[in-house]
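Student: Single-letter residue listing:
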Amino acid sequence: MTTPSDRDIRRQLEAEGRPAVPDFVHQMTEATLAALPEKLPVQRRPSPFKRISAAAACAALLMLGVLPNVSPAYAQAAGRIPLLGSLIRVLTIRNYTYDDGSHLLEADIPHVEDDDNAEAAALINADIDALTNAAVSRFYHELELSGQGYGSIHIDYETVTATDRWFTLQLRVTETAASSTTYLKYYHIDRQTGRHVGFGDLFAPDSFAALEAAIRAEMQAQMDADPQIDYYIEDEQPDGAPTTLSADQPFFFTENGDLVIVYDKYTIAPGSMGNPAFTIPKSVYEPLLK
Amino acid sequence: MNEKAYFSEQIRLYEQNIYGLALSILKNEHDAADVMQDAILKAYSSLHTLRDRRKFKSWILSIVHNTAIEHLRRQKPTIDIDEQYDLAAPEPTVDPETRHTVRAAIEQLSLAHREVIVLYYYENYSTGQIAEILDLPPATVRQQLFRARKALSKHLNKEDFDR
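These protein sequences, in sequence, are chains A and B. Be aware that the first sequence starts at 1, since it is given in my numbering, and climbs by one per residue. Be aware that the second sequence starts at 291, since it is given in my numbering, and climbs by one per residue.
These are calculated hints, taken from the structure and not from any lab test. Built from N, CA and C at the ideal position, the CB exists for glycine as well. Check the hints yourself; a few may be wrong.
Said to hold, decoys possible - Covered stretches of chain B, going by a simulated chain A footprint (3 or more residues, C-beta under 8 Å): (1) 296-307; (2) 318-328; (3) 397-406.
Claimed, not checked - Residues from chain B shown here face chain A by an in silico Cβ test under 7 Å; the list is partial: (4) Gly310; (5) Leu313; (6) Ser335; (7) Leu362; (8) Arg363; (9) Thr391; (10) Tyr411; (11) Tyr415; (12) Pro428.
Using the sequences plus the hints, can you model the full thing?
Tutor: Here you go:
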């Protein structure tokens, strides 16, 4: 026959009804719900890069101390990467591995050493420790809650910019459970001022609209060029996620000084598009700097 | 209402939707039940990641989809599940004298086509929303829906719509 119309299919399915939930399935659902703990196993904020409490970090470390099959190897490990002569170095200070066939943890935790800007490096290292400890803690909470399930956490890092002006370290956390999410965090040292800076230190909120206009133009250009690309523009954002920039917006500068704005997965595009990034030329963003 | 009470209420509200999607992927009620249990546990442990609670239904269906695909991978490790999304439906033989239900015809479709049809027609999601649930580009979903409708027609007679 010819392809049925939407109306035909909908009408017919309505007449036939949905598959009923068998009694045994319903009973299993109720038993599963009854067995859930009263409190959520992890009270996590939407992004692991938000500030977490010192207590949570301490709890995570305590937990790691008693769990089996964990092999934190301190310092001297792989990944000693000399940068910018002897001034700034990135070290793998810990790595965690756990693999039971269903749950996988692979984490290389970096620290930054900067002889000239020790205070900035210390701030960065403290934040890295807090959020990676929290991620590792989540992994073990998940392992305890659903020992039969599947999940993985992968943490690694990369130096993305090393110029006379900027040092930028990217930390990447990929968590896979029900779905896969990758968070990117960028740590910057402004080598002219010796400060650890964030997006809000460089751009005032009243400049966000102009930057956002440049991003939207690039989104549209990419969508026009490739029909497989789809960004949520205007009112199409999922979960009400704004494309509006924020003071803690992930970003970095390229070697030639262009600004790259990075978004978390799912926030402005379907998850299949990963972490979208948009380059804003120096000529556009420079007049907007504080 | 505490988190567990809220979560349980939502699961009960969407139990039929959850079961329907799991069944459409796995085609076996016992496997669907196992996947539902697993998905409920995963969802509860990830509830803090649900930013907008009005999106609970699409969020839980996305988890059910991922859990069911994982289940298929474990069950049939020699089959490339991703490849299943690219396979055309097998060529059916339709007896012109027999009346068929659309639901039975959907069961004959390939995995990708079954899922898209269920989400589009049973759950009334747009192709954009389906893309979000299945983590696929919207253009891919539109293409799959087009092909699924076409494949569906091969499993049905015109008379099946005239009752």
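Student: Within the assertion that chain A covers the segment 397-406 of chain B, do at least three residues meet a Cβ-to-Cβ distance smaller than 8 Å?
Tutor: violated (count 0)
Student: Against chain A, run the beta carbon of Gly310 of chain B and see if the smallest gap drops under 7 Å.
Tutor: holds, 6 Å
Student: Against chain A, with CB atoms and a cut of 7 Å, does the hint on Tyr415 of chain B hold up?
Tutor: Where the cut-off is 7 Å and the nearest Cβ of chain A is about 12 Å from Tyr415 of chain B, the hint is violated.
Student: Against chain A, with CB atoms and a cut of 7 Å, does the hint on Tyr411 of chain B hold up?
Tutor: Holds: closest Cβ of chain A sits about 6 Å from Tyr411 of chain B, inside 7 Å.
Student: Just to be careful: measuring from the Cβ of Arg363 of chain B to every Cβ in chain A, is the smallest value less than 7 Å?
Tutor: Result: violated, 10 Å to nearest chain A Cβ.
Student: Identify whether the interface hint at Leu362 of chain B stands, where standing means a beta carbon of chain A within less than 7 Å of its own.
Tutor: Because about 13 Å separates Leu362 of chain B from the closest Cβ in chain A, which is outside the 7 Å limit, the hint is violated.
Student: Using 7 Å as the Cβ threshold, decide whether Pro428 of chain B counts as touching chain A.
Tutor: holds, 5 Å
Student: Do the numbers back the hint for Ser335 of chain B, that is, is its least Cβ distance to chain A under 7 Å?
Tutor: Nearest chain A Cβ about 5 Å off; hint holds.
Student: Is the listed coverage of the segment 318-328 of chain B by chain A valid when you require three or more residues with a beta carbon under 8 Å from a beta carbon of that chain?
Tutor: holds (count 6)
Student: When I compare C-beta atoms, does the segment 296-307 of chain B have three or more residues closer than 8 Å to chain A?
Tutor: n = 6 at 8 Å, threshold three: holds.
Student: Should the interface hint for Thr391 of chain B be scored as holding, given a Cβ-Cβ cut-off of 7 Å against chain A?
Tutor: Holds, about 5 Å.
Student: Double-check Leu313 of chain B for me: the hint is only fine if its C-beta lies closer than 7 Å to a C-beta in chain A.
Tutor: holds, 6 Å
Hints 3, 7, 8 and 11, counting from the list given before, are not met by this structure.
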